[in-house]
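Asker: Using the sequences provided together with the hints, build the complete structure.
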Amino acid sequence: MAETIAAVTGLSPEVRASELANLGGAEAIAVRPTKVAGELPALPGAEPGKVVLRMAPFPSGALHIGNARMIFLNDYYRRKYDGKLLLVFDDTVGSEEKRVDAELFGVIRADLDRCGVPVDAVLYKSDRLPTHYAWAERVIALGATYVCFCPSTILQANRRAGIACPERVQTVPETLALWHKMLDGGFEVGGAVLRLKTDLADPDPAFRDRVLFRISDLDHPRVGRKWRVWPLLEFSWAVDDIELGVTHVLRGKDLVMEDRMQRHIWQLLGIQGPPFVHWGLLRVREAKISKSKSYAEVKSGEYDGWADPRTWSLASMVRRGILTESVKAFTMSFGLSLADIEVPAETLYAENRTRVDGIAKRRMFAEDPVRVVVDGFPADLRSVTLSNHPDLPALGERTVSVDGTFFLARADLLAHAGETVRLKDLANLELPALLPSTGEGPVHAPFAGRENRRVPRLQWAEAASAIPVDLLDVDGRHRSGVAESALRDSAPGEILQFERVGFVRIEPDWTSGMSPVRVCFGHP
RNA sequence: GCUCCCGUAGUCUAGUCCGGUCAAGGAUAUCGGGCCUUCGACCCGACAACGCGGGUUCGAAUCCCGCCGGGAGCACCA
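The opening position of the first sequence corresponds to residue 1 in our numbering, with each subsequent residue numbered one higher.
Don't read these hints as lab results, they were simulated from the structure. The beta carbon of each residue, even a glycine, is placed where N, CA and C say it ideally should be. Be a bit skeptical, because a hint or two may be false.
[Stated by the list, open to error] Restricting the straight-line Cα-Cα distance to at most 27 Å, the calculated cross-link-like pairs of lysine-lysine (DSSO-like) are:
hint, residue 1, residue 2
1, K226, K181
2, K293, K98
3, K328, K293
4, K288, K98
5, K299, K98
6, K84, K328
7, K328, K291
8, K253, K293
9, K253, K80
10, K253, K288
11, K288, K328
12, K226, K98
13, K80, K328
14, K181, K50
15, K253, K226
16, K424, K253
17, K84, K253
18, K291, K98
19, K328, K253
20, K424, K361
21, K197, K253
22, K50, K98
23, K361, K328
24, K361, K50
25, K299, K288
26, K197, K181
27, K291, K253
[As the list claims (entries may be wrong)] The following label-pair restraints were derived from C-beta to C-beta distances:
hint, residue 1, residue 2, range
28, V384, D82, 48 to 58 Å
29, A394, D470, 26 to 36 Å
30, Q272, G358, 43 to 53 Å
31, L434, D470, 26 to 36 Å
Answerer: So this is what it looks like as structure tokens:
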């Protein structure tokens with residue numbers, strides 16, 4: 001067996017192909033089965049055609065790589081059960097630190113469109129306050145709540161200590177009256193909250209007498225100051241998951257305490273609510289995602305919009321040439337694992353590489369270029385035709401004019417000072433031992449033959465027609481260099497590979513003729 | 001500290017519910033080799049894991065108990 005393999009691998013591709021044909025040809029065997037993400041566990045009690053799911057982003061930032069899991073998991077189950085998927089903006093008024101921004105409604109919808117995840121309806125929590133108020137009266141009538149006047153610091157301290165608030169003994173009519181006073185503007189901001197009575201000895205302090213509604217006069221970008229009493233997340237969802245007919249709640253593990261709260265409220269009202277399904281926290285090692293930092297930097301103009309690579313937003317993935325399919329495969333590979341995980345970006349890059357390698361034309365790019373004059377460059381060597389892809393002739397070729405003067409990357413030059421190197425696909429030259437660490441040159445290097453030698457191969461750009469390139473890197477820094485003239489023929493949005501540098505994508509707002517050519521770095 | 005969740009190779013993950021088919025599969029990384037005018041892709045190969053300790057059982061990654069380790073939550077944010 002081993003001998004056979006050795007014998008076969010020793011043959012040239014052509015010989016292999018003909019030998020194989022002589023043997024009757026290869027059977028249609030899937031050598032590399034397309035990675036079908038294994039079926040995820042069934043949703044409890046799910047019936048095809050009757051499943052209703054919902055996604056509830058808070059509009060304070062663009063969707064990022066960490067949110068991708070929410071999107072694709074919901075989409076997966078919606079398709080699996082031929083169900084409906086609702087987009088419900090969780091735009092209650094938030095807090096000083098966490099503000100709703102109207103611009104994000106559109107950004108998020110665009111993100112979903114780009115991901116190929118259609119939604120069956122778009123709703124806004126900020127439209128639903130009357131429903132929440134109506135349900136509030138139902139729980140008040142049950143005697144399950146009270147209006148509390150404690151400042152938040154006292155409230156928290158008492159909660160921690162398991163001490164009951166003096167208002168906890170309110171009668172239903174008293175609570176109802178105070179609730180109406182809240183709605184009618186009878187209290188200052190922070191002056192009163194509606195709290196749910198739970199067991200003050202509950203082992204989880206966070207669960208003790210949760211706040212259901214609070215007063216805020218923050219200006220809401222959609223509804224202004226129409227509402228002054230706002231529900232907190234768990235109450236609003238206890239209401240809406242029922243009102244909207246949601247059959248399964250798929251959410252991150254960070255919200256498990258909220259499940260318990262919702263169940264508690266449903267139990268009070270004698271309602272059977274939907275089951276919850278969770279997944280753990282997903283972090284990409286290289287991505288320090290901070291929605292609030294991104295928000296501030298985008299708004300200040302420090303970042304180049306929501307597609308700035310530093311945001312690790314879905315839009316920035318597209319900008320970098322990382323296909324949505326790659327992001328989807330990446331996130332779905334983690335399934336519904338409850339473990340909180342940290343994955344290196346390389347895993348995502350590998351996923352993308354398999355999809356993009358076969359479509360990206362190869363181009364040569366020299367960063368921090370130094371002009372190199374090849375002394376004795378043959379007069380008859382005036383042009384060379386290069387394949388756009390080493391393995392795929394279908395991607396075509398381009399012809400480059402040469403005249404003996406080239407741009408090479410400074411780092412390449414310095415790494416090979418005093419050595420014989422080869423301008424890839426063209427000619428060999430002897431690099432001088434002393435090379436400038438700054439300046440554009442020129443450097444003179446003697447011609448050393450055109451035969452293909454096993455020496456370091458360096459990418460080059462013909463000096464006469466090289467074109468300037470501005471490469472936006474993942475850290476937001478701009479790297480400058482030059483590329484071969486063929487880059488000019490690229491289309492905006494095209495994904496290319498700069499040989500020995502990495503995959504890049506031509507910025508979509510660049511148009512042919514604009515200099516420099518602007519590209520965004522994807523990954524090695 | 002309290003509450004909940006999670007522990008399979010460097011990193012993820014399949015398998016755990018319904019114990020044997022798992023002397024543990026896949027991906028990625030790393031290391032060899034092949035191919036090749038890219039440090040890319042592709043091909044071949046290698047390395048490498050059931051957190052620890054008890055128990056139940058003919059048999060445990062899978063069930064039970066204890067321990068240890070990691071993470072998240074503990075807002076009048078979502």
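Asker: Could you run down the list of hints and mark each one as holding or not?
Answerer: Here is what the structure says about each hint:
In summary, the hint linking K226 to K181 is supported, as the alpha carbons are separated by about 16 Å, within the 27 Å threshold. Annotation: proposed proximity of K293 to K98 holds, straight-line Cα distance about 11 Å (limit 27 Å). With a C-alpha separation of about 25 Å, the suggested pair K328 and K293 falls inside the 27 Å cut-off, and the hint holds. A distance of roughly 18 Å separates the Cα atoms of K288 and K98; the hinted pair therefore holds under the 27 Å criterion.
Restraint check: the Cα-Cα separation between K299 and K98 comes to about 14 Å, which is no more than 27 Å; the hinted pair holds. For a cut-off of 27 Å, the pair hint linking K84 to K328 stands: about 20 Å separates their Cα positions. Only pairs whose Cα atoms come within 27 Å are accepted, and K328 paired with K291 is accepted, the gap being roughly 21 Å. Annotation: proposed proximity of K253 to K293 holds, straight-line Cα distance about 23 Å (limit 27 Å).
This hinted pair checks out: K253 and K80 have alpha carbons roughly 22 Å apart, not beyond 27 Å. As the CA atoms of K253 and K288 are separated by approximately 19 Å, the hinted pair is consistent with the 27 Å bound. A C-alpha spacing of about 20 Å is found between K288 and K328, which places the hinted pair at or below 27 Å, so the restraint holds. About 19 Å separates the Cα atoms of K226 and K98, which keeps this hinted pair within 27 Å; it holds.
Our distance criterion of 27 Å between C-alpha atoms is met by K80 and K328, whose separation comes to about 16 Å. Between K181 and K50 the alpha-carbon distance is near 41 Å, which puts this suggested pair outside the 27 Å criterion. Note on K253 and K226: the hinted pairing is violated, with a Cα-Cα distance of about 33 Å set against a maximum of 27 Å. Distance check on the hinted pair: K424 and K253 sit about 52 Å apart at the alpha-carbon level, beyond 27 Å; violated.
Distance hint between K84 and K253 is fulfilled; the C-alpha atoms sit about 22 Å from each other, no more than 27 Å. Between K291 and K98, the direct Cα distance comes to roughly 10 Å. Compliance with the 27 Å bound is thereby established for this hinted pair. Only pairs whose Cα atoms come within 27 Å are accepted, and K328 paired with K253 is accepted, the gap being roughly 20 Å. With a C-alpha separation of about 16 Å, the suggested pairing of K424 with K361 holds against the 27 Å cut-off.
Between the alpha carbons of K197 and K253 the distance comes to roughly 25 Å, so the proposed pair stays at or under 27 Å and holds. With a CA separation close to 35 Å, the supplied pair K50 and K98 exceeds the 27 Å bound. The hinted pair formed by K361 and K328 meets the criterion: a straight-line CA distance of about 24 Å does not exceed 27 Å. Note on K361 and K50: the hinted pairing is violated, with a Cα-Cα distance of about 46 Å set against a maximum of 27 Å.
About 18 Å separates the Cα atoms of K299 and K288, which keeps this hinted pair within 27 Å; it holds. About 20 Å separates the Cα atoms of K197 and K181, which keeps this hinted pair within 27 Å; it holds. Taking the CA atoms of K291 and K253, the gap is near 18 Å; set against the 27 Å cutoff, the hint holds. One distance hint, 48 to 58 Å for the beta-carbon pair V384 and D82, holds here, with the actual separation near 56 Å.
The supplied range of 26 to 36 Å is met by A394 and D470, whose beta-carbon atoms lie about 30 Å from each other. For Q272 and G358, the Cβ-Cβ distance of about 51 Å falls inside the hinted range of 43 to 53 Å, so the restraint holds. A C-beta distance of roughly 30 Å is found between L434 and D470, which places it inside the suggested range of 26 to 36 Å.
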